[in-house]
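4 protein chains.
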Amino acid sequence: MRILFFGDVVGRAGRDAVIAHMPTLRDRLDPDLTVVNGENAAGGYGVTVKIADEFFAAGIDVVTLGNHTWDQKDLVGTIDQQPRIVRPVNYPEGTPGRGFVLLQARGGRKVLVVNALLRLFMEPMDDPFAAVDRVLKAHRLGAGGVDAILIDIHGEATSEKMIMGHFCDGRASLVVGTHSHVPTADHTILPKGTAYQTDAGMCGDYDSAIGMKKEVAMAKMVRKLPTERLSPAEGEGTVCGCYVETDDRTGLALRIEPVRIGGRLSQSVPERRQ
Amino acid sequence: MRILFFGDVVGRAGRDAVIAHMPTLRDRLDPDLTVVNGENAAGGYGVTVKIADEFFAAGIDVVTLGNHTWDQKDLVGTIDQQPRIVRPVNYPEGTPGRGFVLLQARGGRKVLVVNALLRLFMEPMDDPFAAVDRVLKAHRLGAGGVDAILIDIHGEATSEKMIMGHFCDGRASLVVGTHSHVPTADHTILPKGTAYQTDAGMCGDYDSAIGMKKEVAMAKMVRKLPTERLSPAEGEGTVCGCYVETDDRTGLALRIEPVRIGGRLSQSVPERRQ
Amino acid sequence: MRILFFGDVVGRAGRDAVIAHMPTLRDRLDPDLTVVNGENAAGGYGVTVKIADEFFAAGIDVVTLGNHTWDQKDLVGTIDQQPRIVRPVNYPEGTPGRGFVLLQARGGRKVLVVNALLRLFMEPMDDPFAAVDRVLKAHRLGAGGVDAILIDIHGEATSEKMIMGHFCDGRASLVVGTHSHVPTADHTILPKGTAYQTDAGMCGDYDSAIGMKKEVAMAKMVRKLPTERLSPAEGEGTVCGCYVETDDRTGLALRIEPVRIGGRLSQSVPERRQ
Amino acid sequence: MRILFFGDVVGRAGRDAVIAHMPTLRDRLDPDLTVVNGENAAGGYGVTVKIADEFFAAGIDVVTLGNHTWDQKDLVGTIDQQPRIVRPVNYPEGTPGRGFVLLQARGGRKVLVVNALLRLFMEPMDDPFAAVDRVLKAHRLGAGGVDAILIDIHGEATSEKMIMGHFCDGRASLVVGTHSHVPTADHTILPKGTAYQTDAGMCGDYDSAIGMKKEVAMAKMVRKLPTERLSPAEGEGTVCGCYVETDDRTGLALRIEPVRIGGRLSQSVPERRQ
Ligand SMILES: [Fe+2]
Ligand SMILES: [Fe+2]
Ligand SMILES: [Fe+2]
Ligand SMILES: [Fe+2]
Ligand SMILES: [Fe+2]
Ligand SMILES: [Fe+2]
Ligand SMILES: [Fe+2]
Ligand SMILES: [Fe+2]
Numbered sequence: 001m002r003i004l005f006f007g008d009v010v011g012r013a014g015r016d017a018v019i020a021h022m023p024t025l026r027d028r029l030d031p032d033l034t035v036v037n038g039e040n041a042a043g044g045y046g047v048t049v050k051i052a053d054e055f056f057a058a059g060i061d062v063v064t065l066g067n068h069t070w071d072q073k074d075l076v077g078t079i080d081q082q083p084r085i086v087r088p089v090n091y092p093e094g095t096p097g098r099g100f101v102l103l104q105a106r107g108g109r110k111v112l113v114v115n116a117l118l119r120l121f122m123e124p125m126d127d128p129f130a131a132v133d134r135v136l137k138a139h140r141l142g143a144g145g146v147d148a149i150l151i152d153i154h155g156e157a158t159s160e161k162m163i164m165g166h167f168c169d170g171r172a173s174l175v176v177g178t179h180s181h182v183p184t185a186d187h188t189i190l191p192k193g194t195a196y197q198t199d200a201g202m203c204g205d206y207d208s209a210i211g212m213k214k215e216v217a218m219a220k221m222v223r224k225l226p227t228e229r230l231s232p233a234e235g236e237g238t239v240c241g242c243y244v245e246t247d248d249r250t251g252l253a254l255r256i257e258p259v260r261i262g263g264r265l266s267q268s269v270p271e272r273r274q
Numbered sequence: 001m002r003i004l005f006f007g008d009v010v011g012r013a014g015r016d017a018v019i020a021h022m023p024t025l026r027d028r029l030d031p032d033l034t035v036v037n038g039e040n041a042a043g044g045y046g047v048t049v050k051i052a053d054e055f056f057a058a059g060i061d062v063v064t065l066g067n068h069t070w071d072q073k074d075l076v077g078t079i080d081q082q083p084r085i086v087r088p089v090n091y092p093e094g095t096p097g098r099g100f101v102l103l104q105a106r107g108g109r110k111v112l113v114v115n116a117l118l119r120l121f122m123e124p125m126d127d128p129f130a131a132v133d134r135v136l137k138a139h140r141l142g143a144g145g146v147d148a149i150l151i152d153i154h155g156e157a158t159s160e161k162m163i164m165g166h167f168c169d170g171r172a173s174l175v176v177g178t179h180s181h182v183p184t185a186d187h188t189i190l191p192k193g194t195a196y197q198t199d200a201g202m203c204g205d206y207d208s209a210i211g212m213k214k215e216v217a218m219a220k221m222v223r224k225l226p227t228e229r230l231s232p233a234e235g236e237g238t239v240c241g242c243y244v245e246t247d248d249r250t251g252l253a254l255r256i257e258p259v260r261i262g263g264r265l266s267q268s269v270p271e272r273r274q
Numbered sequence: 001m002r003i004l005f006f007g008d009v010v011g012r013a014g015r016d017a018v019i020a021h022m023p024t025l026r027d028r029l030d031p032d033l034t035v036v037n038g039e040n041a042a043g044g045y046g047v048t049v050k051i052a053d054e055f056f057a058a059g060i061d062v063v064t065l066g067n068h069t070w071d072q073k074d075l076v077g078t079i080d081q082q083p084r085i086v087r088p089v090n091y092p093e094g095t096p097g098r099g100f101v102l103l104q105a106r107g108g109r110k111v112l113v114v115n116a117l118l119r120l121f122m123e124p125m126d127d128p129f130a131a132v133d134r135v136l137k138a139h140r141l142g143a144g145g146v147d148a149i150l151i152d153i154h155g156e157a158t159s160e161k162m163i164m165g166h167f168c169d170g171r172a173s174l175v176v177g178t179h180s181h182v183p184t185a186d187h188t189i190l191p192k193g194t195a196y197q198t199d200a201g202m203c204g205d206y207d208s209a210i211g212m213k214k215e216v217a218m219a220k221m222v223r224k225l226p227t228e229r230l231s232p233a234e235g236e237g238t239v240c241g242c243y244v245e246t247d248d249r250t251g252l253a254l255r256i257e258p259v260r261i262g263g264r265l266s267q268s269v270p271e272r273r274q
Numbered sequence: 001m002r003i004l005f006f007g008d009v010v011g012r013a014g015r016d017a018v019i020a021h022m023p024t025l026r027d028r029l030d031p032d033l034t035v036v037n038g039e040n041a042a043g044g045y046g047v048t049v050k051i052a053d054e055f056f057a058a059g060i061d062v063v064t065l066g067n068h069t070w071d072q073k074d075l076v077g078t079i080d081q082q083p084r085i086v087r088p089v090n091y092p093e094g095t096p097g098r099g100f101v102l103l104q105a106r107g108g109r110k111v112l113v114v115n116a117l118l119r120l121f122m123e124p125m126d127d128p129f130a131a132v133d134r135v136l137k138a139h140r141l142g143a144g145g146v147d148a149i150l151i152d153i154h155g156e157a158t159s160e161k162m163i164m165g166h167f168c169d170g171r172a173s174l175v176v177g178t179h180s181h182v183p184t185a186d187h188t189i190l191p192k193g194t195a196y197q198t199d200a201g202m203c204g205d206y207d208s209a210i211g212m213k214k215e216v217a218m219a220k221m222v223r224k225l226p227t228e229r230l231s232p233a234e235g236e237g238t239v240c241g242c243y244v245e246t247d248d249r250t251g252l253a254l255r256i257e258p259v260r261i262g263g264r265l266s267q268s269v270p271e272r273r274q
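Residue numbers (full-length UniProt numbering), protein chains in the order written: chain A, 1 to 274; chain L, 1 to 274; chain R, 1 to 274; chain W, 1 to 274.
I should point out that these hints are in silico values taken from the structure, not numbers from a laboratory. Please note: incorrect hints may appear among the correct ones.
It does not matter which identical chain is used: a pair holds within one copy or between any two.
[What the hints assert, rightly or not] Below 25 Å or equal to it, Euclidean Cα-Cα: the simulated SDA-like pairs (lysine to any residue) are:
id, residue 1, residue 2
1, 220, 80
2, 224, 96
3, 73, 45
4, 110, 81
5, 73, 43
6, 220, 82
7, 110, 59
8, 192, 23
9, 137, 54
10, 220, 43
11, 224, 135
12, 50, 191
No experiment lies behind these values; they were computed from the predicted model shown.
Modelling step: build the complete structure from the supplied sequences, incorporating the hints.
Structure representation (structure tokens):
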């Protein structure tokens, strides 16, 4: 299978970049599953159903979230009707929405997408290791089970992300980090066959502070005086993420390549081999 | 000028990788300044003078540090005799050692190396923006001033690192992050001419938890029971960092390329153009 | 019923104070249940079975713990044989020991003691609200159920502690905080009948930094250079905690009085009214 | 001299309590200096000049602040005209307002009031120890110098507060904590003569979560879903703080007594002895 993943979409610059580059990427890579983390898509703060629908119309299959899940308060009441919007799996019991989704892909194949919030330097949350473990025990990767498993681990600390990668190694097709808004260059296949990248990077304008206007963010941090509200930077966005090809017999990864298209970063456009 | 920088060296795997690849890199790139962050070189915890001397013997000019500066307690008493070991500039007044060093490079050129500790999700420390600003105001980059300025910003949060990059933009040759132990793929030249990379990545074994043995780190984080002390992973290390070429008239950057050699990561070996 | 609770015992000064004052307090108050938080009893770091046995010999019924539970590594292997040592209830599944204990008190009455770790400014941990809720739903306070319920909430933030107090209000006899090592003066009966105190205070020498030697703690914090290991201050300890009387029909609290005896703090010695 | 200090005033309940009890307290104690921490006086978020003026009209001499200093943005532009509003001394250089004030008290005596932000579990800030040290070195307590020195240390961690107490011991009349919104029962005179209390407690409604509506705070913390904005609880407030008498020759403390009047907490009304 071919899997395409994009990291946190930040504001209009990020949305425009994703939607502009999707046609070419679909032509080029013909992905069986495309997932985007949308937690900052609505002006930097959460996602709306309208924006999610634009992603779906562009060919994206699933929108994942993170610590900004409820920034758009309307989502609390509507997420239960949104089978393809996935919020963190380790929210408290009784939280609206779902923490993972099992989809039908082409050719009757099944793909599982999970979203989890990590905890180091973040808000208190239930154990993401236990939560992911429960999902993985209920959905075995490979023949007779699920054909591909993608886990979006939304977290700050590189240590926790690498540990989660090893924790899932051999049980998922791809474990990919989000939230830092900077792509890492450590895409790799872990020893037991899971593709891994510490962070996919954001989709947004990199002449910024993690996608937000740099002047405002700098004033806030350096002077510690009130500023206008942080809003997304408006220069050309870069689409950031990764592309993975899996072995159809095992569901494990054969390759992982970084995706960086448009905007200010060095470009990386993967080619399809399968 | 040509500048070579390596991120946090973790244990023997990291030291061996740096020392093994230095001869080739010197041949290939002929750097005017080579700097390595050594804060985890001694078994993961700080650096010793002996290890620093091995780096110097291999052609490294300056060793920078970070939050692990004093893990090897002997350094407190000896760092004042070590002009080429630089500890964070924003430690309390009266701290032994120096926070920056002005070196004589080839051809009578002057290079400044600064080390600063950032603060988000880290130990309380004096304002790194004010501290770096003081150093930059006392050492102007470009004709009649300093020929190259390298600032190693040791921090956790990508937002703070990007803000520091913009804060120094136009006033330094290179602002490069350390501490996350994962290389980022956002190497770029900022709008006013400063080369920037959110994190250089560690020099060490990437089949690990940020360079330390993955089984121990996982047990500690997942089970929350006592474990043996974390120690460095022992597989083949990757040398991680970046290579920068500057404009001799302005001291600003013309190019920045990632360096990733050996070990498990995708390889990136820059070429010299100047 | 009459309940006596002491906060974190810190080192020898704290142990000596508890053991010296227990005989008088037993005479004076004749408690049905006496509980002490022992997480710093062994030189400031955890508790040993030997020390717990000294507490039991002095008439203490239960020893609770906190974030220092496993500082004495031997306890991991022995805690399962210790029915009266209670570790935090919201540790990961599979953790040795128990998070609460149901005891037989005088006259066939049943008392429940729970220990929970809060999360604000502390290590990531599973939801203490959900964990405590499960215990309280399985053990109803009052006629036909449990005669008294004591919950030791071990946490940093006063907000989280007050919220936990209200969360348990009407369902527990006493919710009392530990971990800050400073007694609060807000002992009160909440609107639905639960006695509450944000922090019981430590049992130890208050001419210190939360029970540890002040010179060492100050050097560490102010100079940020290596120091000797923090160890408990050795002046006369104050026994700190609270005394609660409950209504035998409901299990709810009728009174709560602070306990501060010996050492440097203002003295508060409750009287028995029931 | 006689000094009266009140902790963080939270919303209308806190303001009403302070203003209602001031006449009696002035009659009873005839203070030479009265200081209140006003950082939550305006609906829980900062202070306005209008509210500060109400405090001054009630006989309060100085209003101190904390991490909520700029919640009312207007204060940024007006604080320079407010000699008796004191913001934290360790804000970045160039911050409007002042971090301490030297006042003329009755009989030509001089009193110094300092406000400092601590750092553990709080926003990054410059070293409060260095900042307070500079102020204390410029203003010596005792004969020929300043007659009384009050330092409001605004912080979360009890350890840092106790260390700051010892750091100032013998150099200040009173070191008193704020920010936790819960009064501590550890008021004491430190070995070298400085009165100390880890936290003065808030002035506000204690049937709450640190002064804010308990239902909203609980929903936010337990369910992690969006709620209405946190606003102050509206029940009867308790005035919380401490009363100190100093030795006129040395400026050091002779007594410290807690103040808790009105509302739900146990009452403590000091008497004047001098
Ligand atoms: Fe994000
Ligand atoms: Fe996020
Ligand atoms: Fe490091
Ligand atoms: Fe570090
Ligand atoms: Fe403790
Ligand atoms: Fe503790
Ligand atoms: Fe406050
Ligand atoms: Fe505060």
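Structure-based check of each hint:
1. 220 to 80: Classified as between; 20 Å across copies, 36 Å inside a copy.
2. 224 to 96: Result: close only across copies, 11 Å inter versus 36 Å intra.
3. 73 to 45: So residue 73 and residue 45 pass the 25 Å test inside a copy (10 Å) and across (23 Å) alike.
4. 110 to 81: Close inside one copy (21 Å), not across copies (47 Å); limit 25 Å.
5. 73 to 43: Answer is both: 14 Å inside a copy and 23 Å across each meet the 25 Å cutoff.
6. 220 to 82: between (36 Å within a copy, 24 Å between copies)
7. 110 to 59: within (17 Å within a copy, 54 Å between copies)
8. 192 to 23: neither (33 Å within a copy, 34 Å between copies)
9. 137 to 54: neither (33 Å within a copy, 45 Å between copies)
10. 220 to 43: Intra 18 Å, inter 23 Å, cutoff 25 Å: intra and inter.
11. 224 to 135: Between. Shortest inter-copy distance 21 Å satisfies the 25 Å Cα cut-off; intra-copy 43 Å does not.
12. 50 to 191: neither (40 Å within a copy, 34 Å between copies)
The structure fails to meet hints 8, 9 and 12 from the earlier list, while all remaining hints are met.
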